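K.L.:
Listed below, chain by chain, are the residues.
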Amino acid sequence: MVGNATTSETEKGFTFFVPNPNFNTSVMANQNHREFEELAIPHTDALLRTALRMTRNQSDAEDLVQEAFLKAYRFFDRFERGTNIRAWLFKIMTNLFINSYRNRAKRPQETSFDEVEENFLYNKLAEEGRAGTNPEKELFDKLYTDEVQQVLDRLPEEFRMVVMLNFVEGFAYREIAEIMGIELGTVKSRLHRGRKMLQKGLWDHAKKAGYVKEKSE
Amino acid sequence: MIDCRKVAQHLYEYIDREVDSKTAAEIEAHIKLCSPCFKEYDLEAKLKEFVCRKAAACPGTDELKSRILEELRKVANEPAERGKRIWLWTGGVAAAAALIFLFVFGLPHIGGGPDPMIVQAAAEHQNHLVATVPRLPEEISIDSVNSLLESQIGFDPEVVYFSHIWPQMRAFHAATWNGRSAACLYFAPEGEEGISLLICQDASRWMPRGKKVRRSGKEYVMASHNGCLMVFWTWEGMLCCAVGKESQEKLLNFTRSV
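Just so you know, the sequences run in chain order A and B.
First residue of the first sequence: 12, per the numbering used here; consecutive thereafter.
First residue of the second sequence: 1301, per the numbering used here; consecutive thereafter.
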């Protein structure tokens, strides 16, 4: 960012490096402002729906998104043009959430998901002899949006976040690794376990709501 | 030929489009013929699509968007007020220059007030620096500094040596120095006086301790290393640095040699 600072020389041969406080008032700042609005604001919906699953609270989620935008705006001159702004915004929001919102977040009871077996849902549906065509259709048709969201909200945070970033936001594994600051292998294993938890969560919810019955019952 | 075990192993990655095209083609061919594998795949793929559809539902954001735009405009207008202090700032630079000369050379010829030569030279030499941090981030984390360095000066973010003293960092200043990447980090370790300077350039590091000087209520730090002399001071939370021309050449030679 040329022009963000000033170098001045004196006859005594000293060079001064000092930040230029006038920088932000330049024409560039106005262009930046417009560019930011055009590039970043369209991602509000995506940021908010993920923020809702992170904070599990409407007003915290809105605050988180707003704060993430302000932060991104402040650091916009460091955003590399031509790279993925969506991933950049999500990274900023995720960092902000981890650093300052996580403790505020209301914690509904997180279900313990020890040892969910592989192919959980498949086996459950098969047990009922429903493994024909579209055995899942009946189950999926009955579940309401807010029920699915509740099930998601009960997943432990680290699994919930990778599931949101991959399933809903469509980020590739390496993008998620970058956004959350974790290893690629960790993304894979969390997504794997997250899926199993999701299956069990959905099944348990459906059972409780009477949408499905266990064969043994 | 790929077997059921291997399909199960890569199923999620296949659904998430994270396998290479060869493996993808093998899995595709397998599940076309193998009914149990296909059913597994089909259920998992549908589950993903189903959860995505349900969780993608988002309440309206029009109100939030206009609130954010309003906040952004507020922030955008703030620096204009800062700009009015340009003369105050220039005066500060001249005064600092005077103090440094006095200190270094003991020359008594510097007067007060903004030095027109400095202002003039400032306009002509903007290209020397590519980056400064105009304001300290509220919470400084290694991540934020890394991404700053990485995006601004292409600095390898793995080269942060000072994580253990990071909490004491007060300011930093990223720049190119005669075309070389450099970052000055200002530390004020508790109970210790002084400054640490880090020149990051191709993973080399350079970290002298400085001598603290107080003049007219303002603190300056003189640091020297390999015969290079630098004077630092902070201004509005930022690190300012003055380098003698001779020292600058030495510094350049130093960074070339590593």
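To be clear, the hints were calculated from the coordinates, so they are not data collected in a lab.
Worth double-checking, as some hints may not be accurate.
In silico BS3-like links for lysine-lysine, alpha-carbon gap of 30 Å or less [as the list claims (entries may be wrong)]:
| hint | chain 1 | residue 1 | chain 2 | residue 2 |
| --- | --- | --- | --- | --- |
| 1 | B | K1332 | A | K207 |
| 2 | A | K148 | A | K218 |
| 3 | A | K211 | B | K1348 |
| 4 | A | K199 | B | K1348 |
| 5 | B | K1339 | A | K224 |
| 6 | A | K211 | A | K199 |
| 7 | A | K102 | B | K1346 |
| 8 | B | K1332 | B | K1306 |
| 9 | A | K153 | B | K1365 |
| 10 | A | K148 | B | K1354 |
| 11 | A | K218 | A | K199 |
| 12 | A | K219 | B | K1322 |
| 13 | B | K1354 | A | K218 |
| 14 | B | K1365 | A | K207 |
| 15 | B | K1374 | B | K1354 |
| 16 | B | K1322 | A | K153 |
| 17 | B | K1374 | A | K199 |
| 18 | A | K153 | B | K1306 |
Just so it is clear, the structure is predicted and the values come from calculations on it, not from any experiment.
K.L.:
Now, for every hint given, state plainly whether the structure supports it.
P.N.:
Here is what the structure says about each hint:
1. A C-alpha spacing of about 24 Å is found between K1332 of chain B and K207 of chain A, which places the hinted pair at or below 30 Å, so the restraint holds.
2. For the given pair, K148 of chain A sits about 15 Å from K218 of chain A by alpha-carbon distance, which is consistent with the 30 Å threshold.
3. For the hint linking K211 of chain A to K1348 of chain B, the alpha-carbon distance of about 14 Å falls within 30 Å, and the restraint holds.
4. The straight-line distance between the Cα atoms of K199 of chain A and K1348 of chain B is roughly 15 Å, inside the 30 Å bound, and the hint therefore holds.
5. A threshold of 30 Å between alpha carbons decides the hint, and for K1339 of chain B with K224 of chain A the separation of about 21 Å falls inside it, so the pair holds.
6. Among the hinted pairs, K211 of chain A with K199 of chain A is consistent with the structure: their alpha-carbon atoms are about 19 Å apart, no more than 30 Å.
7. Under the criterion of a C-alpha separation no larger than 30 Å, the hint pairing K102 of chain A with K1346 of chain B is consistent with the structure, at around 28 Å.
8. Between K1332 of chain B and K1306 of chain B the CA atoms are separated by roughly 15 Å; this keeps the pair inside 30 Å, and the hint holds.
9. With a C-alpha separation of about 33 Å, the suggested pairing of K153 of chain A with K1365 of chain B is violated against the 30 Å cut-off.
10. Under the criterion of a C-alpha separation no larger than 30 Å, the hint pairing K148 of chain A with K1354 of chain B is consistent with the structure, at around 14 Å.
11. Annotation: proposed proximity of K218 of chain A to K199 of chain A holds, straight-line Cα distance about 29 Å (limit 30 Å).
12. Note on K219 of chain A and K1322 of chain B: the hinted pairing is violated, with a Cα-Cα distance of about 43 Å set against a maximum of 30 Å.
13. Pair hint K1354 of chain B plus K218 of chain A holds up; C-alpha atoms about 19 Å apart against a cutoff of 30 Å.
14. Restraint check for K1365 of chain B and K207 of chain A: the C-alpha separation of about 36 Å exceeds 30 Å, so the hint is violated.
15. Our distance criterion of 30 Å between C-alpha atoms is broken by K1374 of chain B and K1354 of chain B, whose separation comes to about 36 Å.
16. At most 30 Å may separate the alpha-carbon atoms for a hinted pair to count; K1322 of chain B and K153 of chain A exceed this at roughly 38 Å.
17. About 42 Å separates the Cα atoms of K1374 of chain B and K199 of chain A, which puts this hinted pair outside 30 Å; it is violated.
18. Straight-line distance between C-alpha atoms of K153 of chain A and K1306 of chain B comes to about 33 Å, which puts the hinted pair past the 30 Å bound.
In the structure shown, a violation is registered for the earlier hints numbered 9, 12, 14, 15, 16, 17, 18, in ascending order.
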